[in-house]
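Participant: Residue numbers (our numbering), protein chains in the order written: chain A, 1 to 103; chain B, 1001 to 1413.
It is worth saying that the hints were derived from the structure and are not from the lab.
Please note: incorrect hints may appear among the correct ones.
Claimed, not checked - Pairwise CB distance ranges (calculated):
#1 B:1188 / A:32: 52 to 62 Å
#2 A:36 / B:1116: 49 to 59 Å
#3 B:1396 / A:90: 23 to 33 Å
#4 B:1141 / A:28: 19 to 29 Å
#5 A:102 / B:1364: 57 to 67 Å
#6 A:4 / B:1115: 50 to 60 Å
Computed from a predicted structure; not experimentally measured.
Note that beta-carbon positions come from the ideal geometry of N, C-alpha and C, so glycine has one too.
The lines below spell out each chain.
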Amino acid sequence: MAFDVRLRVNERVATIELKGELDAGTAARFHETVDEAAATGAIELVIRAEQLSYLASAGLRALVFARQKMGDDVRIAVVGATEPVARTIKLAGFDHSIDLVDA
Amino acid sequence: MEPTKVLVLDERRDAPPELLTALDKLGTVVHVRTPGDVLAKEVGQLPDTDVLLAYAGLSPHTVRAVARRLDDEDQRPTVVAFAEHDLHLLGSHVHAGSDYLVPPFHPDLVRARLRDCHERATFSRTMEDVAAHAELLSYERELEIGREIQMGFLPDSLPSPDGWEIDVRFRPARTVAGDFYDVFELVNRRRLALVVADVCDKGVGAALFMALIRSLLRHTAEQSGLQSLIAADLLGEETDWEEHSRAIPVVGATPLLNAVVGTNNYLTRNHIRQGYFATMFFGVLDPVTGNLVYINGGHNPPVLVRADGGDPVLLEPTGPAVGVIPDVAFSLGYAQISPGDTLFIYTDGVTEARSVPGHFFGEDQMIKQLGEGAARGEELLDHMDGALSEFVGPAEQSDDITMMAVHWRDPEA
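Using the sequences provided together with the hints, build the complete structure.
Facilitator: What follows is the structure, encoded as structure tokens:
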């Protein structure tokens, strides 16, 4: 599945939908979308990950940037991550700063 | 010889009749277009062009845009500005790098001018190609130097305490790597530090942070004395480690904690904006007893393969990846290695190795292969190497691969 990232903002909740593989080749597009989301002044960032098939370490780094970009007061939730993606996030201990939520 | 193909560029789609006549007499193929015509055309619909003959009344910017459009189709025409009366218009074009053509447009004179212009353009393009190639070579050489310097951040040789075999496979996916490993002696050679780490992301950035993180870890561990209490100060009051350390003081735990906690604090204090972090397994082994105390900072769990055929033990994370969360506490993990056992430490390049259809090697298959591998470290790595190459086939290696086998020889075997 080709990588795709979409942003929609509704009542100050920014939702980014990810498809395909988030890795060194695609992380830049995710960064840009996070910048857009941060610029809207969103108070919550929801990352829909149902169709995210793979999260490489460059993708984890992109989540670190998202955390920094949105600021500490913004809740970030990864929703519906598949088992391998959720495992990658938990293994690195990122589930402390990002909420993993079932779809 | 093929006829020269000339594209005359003019806003009104006309040109001085004497010029067109001269071009005709020279047997050239002439197309007359406006800049709008050229820029609006789809790829592949432009006439073949050797010489772009642009009216000097157009702006140099417009002429450059048209030339670039032709470049996109690999045409790379010689650009020549012409004027009939307003010769002063040529100045800005010459400044912009074009050649020029002025009246009288006598066929022999025009031919001589076009030939000169062509030769000059060819020469200048050759020079550009040579310069670009030289620049590329220079980058490649710099990268190669980077690789050599990075190799200097890996140990020259691995210590081998009595009865132990330590073997490593290290295969970067690119010239420079984000993975690293280290093995060194601690506490007056009574303990052995074992490190396998993976700096996130790829390329030169990851390689620079590899050098920093490796140095921080090793330097801090080597400088930590037996009695140092820094680790206890750095930790919060209620960490697992402190509770544990009150019960059983563990030699080697202090340098371990100092190194990992100190590196995490250094990175989060000084480099948090760059967003680099490392997952790492850092173990301190007592070669006499086989006792292992470790911190697993968000790293793929190493596998302890039992000589007695028992279930392999996974050494799960005891804290998050290093360099992300300020002031976080890392707990200590403990394991007992027995004679004949092998500890297999690796990076995600192993489990995330991909076959041609894009499937991952995966942890389950890796553990299965470990069970089938021979008992000794070197043979185990050979076996895993073989299983990986067979799985990956002709697919390109996408991530650095590091594997370390720590094997305690069974004296009775």
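Participant: Against this structure, judge whether each hint is valid.
Facilitator: Hints, one by one, checked against the model:
Look at residue 1188 (chain B) against residue 32 (chain A): about 53 Å separates their beta carbons, and that is inside 52 to 62 Å. A beta carbon spacing of about 53 Å between residue 36 (chain A) and residue 1116 (chain B) agrees with the range 49 to 59 Å that was offered as a hint. Distance hint for residue 1396 (chain B) and residue 90 (chain A): a CB-CB separation of about 29 Å, consistent with the stated range 23 to 33 Å. Judged by the Cβ atoms, the range 19 to 29 Å given for residue 1141 (chain B) and residue 28 (chain A) holds: they are separated by roughly 27 Å.
Remark: the range hint 57 to 67 Å for residue 102 (chain A) to residue 1364 (chain B) is contradicted by a beta-carbon distance near 23 Å. With their beta carbons about 53 Å apart, residue 4 (chain A) and residue 1115 (chain B) fall inside the hinted range of 50 to 60 Å.
In the structure shown, a violation is registered for the earlier hint numbered 5 alone.
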